[in-house]
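*Asks:* Sequence:
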Amino acid sequence: MNSDIPLMLAKRQQFIQRWPLIALTVAGITLGFYAWAFIQQPILVNPLHVIHLIQTNGLDSATQSLLSIVAPILFLAIGALLLLLLLFV
Numbered sequence: 380m381n382s383d384i385p386l387m388l389a390k391r392q393q394f395i396q397r398w399p400l401i402a403l404t405v406a407g408i409t410l411g412f413y414a415w416a417f418i419q420q421p422i423l424v425n426p427l428h429v430i431h432l433i434q435t436n437g438l439d440s441a442t443q444s445l446l447s448i449v450a451p452i453l454f455l456a457i458g459a460l461l462l463l464l465l466l467f468v
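First residue of the sequence shown? That's 380 in my numbering, and the numbers climb one at a time after it.
Hint data in this document are derived by calculation from the structure and do not stem from the laboratory. Hints may contain errors.
Said to hold, decoys possible - Restraint ranges, calculated between C-beta atoms of paired labels, are given here: (1) S382 <-> L464: 47 to 55 Å; (2) H428 <-> L462: 58 to 66 Å; (3) S444 <-> I408: 28 to 36 Å; (4) L460 <-> M387: 27 to 35 Å; (5) K390 <-> L427: 20 to 28 Å; (6) T404 <-> H428: 47 to 55 Å; (7) Q434 <-> F394: 23 to 31 Å.
All C-beta atoms, glycine included, are put in the ideal place defined by N, C-alpha and C.
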């Protein structure tokens, strides 16, 4: 059992050294996805776009009741939480 501890600590140290690269990669992918979604699918991440569609009757009633304002705010909040997790872990 005691001989396993140095091996476990060495693996842990390797993971700790690699974590900044992993975190930056995941953060970059996340930010890239949000940039893509803001341009290609603004209904997912832009509350102002959703408000505009509602005001101009651009959404059918089923989509309007489903999305409303909650979907973009939740989507942005989940992304912010993910980025905070990557920042502080």
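*Asks:* Look at each hint and say if it fits the structure.
*Replies:* Verification of the supplied hints:
Our hint of 47 to 55 Å for S382 and L464 is violated, since their Cβ atoms are close to 34 Å apart. The beta-carbon spacing between H428 and L462, approximately 22 Å, falls outside the hinted interval of 58 to 66 Å. Separation of S444 from I408 is about 32 Å and conforms to the stated range, judged on CB atoms against 28 to 36 Å. Between L460 and M387 the beta carbons are some 30 Å apart, a value that agrees with the proposed interval 27 to 35 Å.
Range check, K390 to L427: Cβ separation about 47 Å, and the 20 to 28 Å hint is violated. For the pair T404 and H428, the beta carbons lie near 29 Å from each other, so the given range of 47 to 55 Å is not met. Distance hint check for Q434 and F394: the Cβ-Cβ separation is about 50 Å, which falls outside the suggested range of 23 to 31 Å.
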